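Order-wise, the sequence lines are chains A and B.
If you count the first sequence from 1, position 138 lands on 138 in this note's numbering, and the numbers rise without skipping.
If you count the second sequence from 1, position 182 lands on 182 in this note's numbering, and the numbers rise without skipping.
Source of the hints: derived by calculation from the structure; they are not laboratory data.
Heads up, a few of these hints could be off.
No more than 27 Å apart at the CA atoms, straight line, and that leaves these computed lysine-lysine pairs for BS3-like [unchecked claim]:
| # | chain 1 | residue 1 | chain 2 | residue 2 |
| --- | --- | --- | --- | --- |
| 1 | A | K102 | A | K81 |
| 2 | B | K49 | A | K87 |
| 3 | A | K160 | B | K331 |
| 4 | B | K7 | A | K155 |
| 5 | B | K11 | A | K155 |
| 6 | A | K161 | B | K7 |
| 7 | B | K195 | B | K244 |
| 8 | B | K284 | B | K357 |
What follows is a list of derived Cβ distance ranges for each label pair [claimed, not checked]:
| # | chain 1 | residue 1 | chain 2 | residue 2 | range |
| --- | --- | --- | --- | --- | --- |
| 9 | A | G141 | B | R332 | 48 to 54 Å |
| 10 | A | K81 | B | G69 | 23 to 29 Å |
| 11 | A | K87 | B | M318 | 29 to 35 Å |
| 12 | B | Q56 | A | K81 | 35 to 41 Å |
| 13 | A | R150 | B | V5 | 15 to 21 Å |
| 14 | B | E6 | A | V110 | 38 to 44 Å |
| 15 | A | I98 | B | D302 | 55 to 61 Å |
| 16 | B | F126 | A | P77 | 35 to 41 Å |
| 17 | A | V110 | B | L61 | 53 to 59 Å |
| 18 | A | K87 | B | D193 | 43 to 49 Å |
These numbers were taken from a predicted model, which means no experiment stands behind them.
Don't be surprised by glycine CBs; every beta carbon is placed ideally from N, CA and C.
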Amino acid sequence: MSAAKLFFAGSGGQGIILMGQMVTYAAMFEGKNTTYYPSYGPEMRGGTANCTVIVSDREVASPIIYETDCLIAMNLPSLLKFESMVKPGGVLLVNTSIIDAKPARTDIRVLEVPTTELSRELGNPRGANMIMLGAAIRATGVVNQAAIERVMREKAFTGKKAETIPANIKCFEYFKV
Amino acid sequence: MSNPVEKVLMKGNEAFAEAAIRGGANFYFGYPITPQSEIPEFMSRELPKRGGVFLQAESELGAINMAYGAGAAGGAVFISSSSPGIALMQEGMSFLCSAEVPLVALNVSRGGPGIGGIQPGQADYFQATRGGGNGDYRIPVFAPASIQEAVDMLYEAVDLAKTWQNPVMVFADGIMGQMMEPVALPQQRPFTDSKDIRAEKPWAVTGYGNDDANKNVVKSLRMQPDDLERHVEYLFEKYRRAEKELCRAETHDVEEADLVLVAFGTVARITREAVEILAWRGIKAGLIRPISLWPFPHGAFDKIGARTRVVISAELSMGQMIEDVRLAVGKRIPVELIHRTGGMIPTSLEIADRAEKIYGEVK
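Here chain A stands alone, though its shape is the one from the complex:
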């Protein structure tokens, strides 16, 4: 199937929903078919949060996935719960700033991303999720950077938040070659 399926998981407040929606917007801006489906429930800051993003050249069939091309694990429970969902040969991004366990899988590509340390180093401690988003986009190539920057300008960081765009782009670009 010519669809890329991404799964973002972590805890409420880590920017899981934001990352997922940004990829979805970017895909739409690129004229691709896309579907975003979040977990929903009696959730709150600090509770669990996850979302599925599918980007496809064709009409998206199932919004529910049983395997993912790329798992973005922002905390330990997410790694433990969803590691098995990564397709053989798929990508697992691990937020090593707060996850000290090692993934068990050997048939996938694991990228360790110390998001907190890197975002501090770049002078934008709140940009940890943009570091991770950049890594996920770099690893999957699911959308291009110009589309993400357009999402930042038009959707994610508007009004007063617009002043954070250069710092967030810096974080997003960290994994650029």
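With chain A held as given, fit chain B onto it using these hints.
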């Protein structure tokens, strides 16, 4: 004719609300319930700004009876809720049908019975298609499978409700309410000005001054049995016409299929992926997606060819639509069920595995 419309990314619930407004619905009454609370939230913000009326009811019973009143007075009314809330509205549905009051109702359904849970379900199929209210009545019910289809459906439903002078229901589920997809929104239809209601809806209760001869009465009470019988027969002439005109379904490759899957709403999309998995395994599966749940698109089943060994209904319930599938298929092919319930959602792989197993048993 029309220019390509730029797509916007919208959460299902917000897109549903926007579509109803653009369709011309200028009254919304509701009470929050997950997974559709974004609808009343959106309406409370948007509808007054755009010249409509939003009112939070004290309960779903309040909401449906406000809808009855506003609809009887000629307003274009949209209401929404989720399963247990829709259950509370059933009495009103029966009244509106008898009194021939238009209404667009949306169920963003969840798991039941009882207060159940908040995750997606389809176990309101009987409630939607058979009606939970008393008496002989029918409600056209349409089940979308994407946000775009839901938007187009709700927009059209405002018009259908007016044309058929009957409630029209859109049956979505929690997945559709919560997910986001790009949509092209239709043009805003103008709201009907109150001075134009009498011309547009000559039956509406708009005030008659001292003109007793032109007094409109909207009611469901008919104490004389012969009068009531005549009225119900008249309603059913309308419903028989609806059965001819409102059947809708999408079919894929059912003529030469080894097995045919039947699913509606989000489950139809999951099933479409299951069909591809089955194809890799050498099993030719067809798919029927009923779009109208009532009237049920029996005709779509006539296309099933002689090769087909089994028809499988895939549902988020213990098997409700399967009864209509059995009626449509008759005794010529066995009909089986694949289901999850309680808010659990099968993956495409799960549906494919279970379909393969069932096919292996009947082959």
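Results for each hint:
Distance restraint check for K102/A and K81/A: the Cα-Cα separation of roughly 13 Å lies within the 27 Å cut-off, and the hinted pair is therefore satisfied. Proximity of K49/B to K87/A is assessed by CA-CA distance (about 48 Å); at most 27 Å being required, the pair is judged violated. Of the supplied pair hints, the one linking K160/A and K331/B is violated, its CA atoms being roughly 66 Å apart against a limit of 27 Å. Distance restraint check for K7/B and K155/A: the Cα-Cα separation of roughly 14 Å lies within the 27 Å cut-off, and the hinted pair is therefore satisfied.
At roughly 14 Å between alpha-carbon atoms, K11/B and K155/A fall within 27 Å of each other, so this suggested pair holds. Our distance criterion of 27 Å between C-alpha atoms is met by K161/A and K7/B, whose separation comes to about 24 Å. Proximity of K195/B to K244/B is assessed by CA-CA distance (about 35 Å); at most 27 Å being required, the pair is judged violated. Between the alpha carbons of K284/B and K357/B the distance comes to roughly 14 Å, so the proposed pair stays at or under 27 Å and holds.
A C-beta distance of roughly 50 Å is found between G141/A and R332/B, which places it inside the suggested range of 48 to 54 Å. Checked against the hint of 23 to 29 Å, the pair K81/A and G69/B fails, with Cβ atoms roughly 50 Å apart. Checked against the given bound of 29 to 35 Å, the beta carbons of K87/A and M318/B, roughly 33 Å apart, stay inside it. For the pair Q56/B and K81/A, the supplied restraint of 35 to 41 Å holds, since their beta-carbon distance comes to about 38 Å.
A hinted range of 15 to 21 Å holds for the C-beta pair R150/A and V5/B, which are about 19 Å apart. The hint said 38 to 44 Å for the Cβ distance between E6/B and V110/A, and at roughly 39 Å that hint holds. For I98/A paired with D302/B, a C-beta distance near 59 Å keeps the hint of 55 to 61 Å intact. Taking 35 to 41 Å as the suggested C-beta distance range, the pair F126/B and P77/A conforms, at roughly 38 Å.
Taking the beta carbon of each, V110/A and L61/B are about 55 Å apart, inside 53 to 59 Å as hinted. At roughly 57 Å, the beta carbons of K87/A and D193/B sit outside the given window of 43 to 49 Å.
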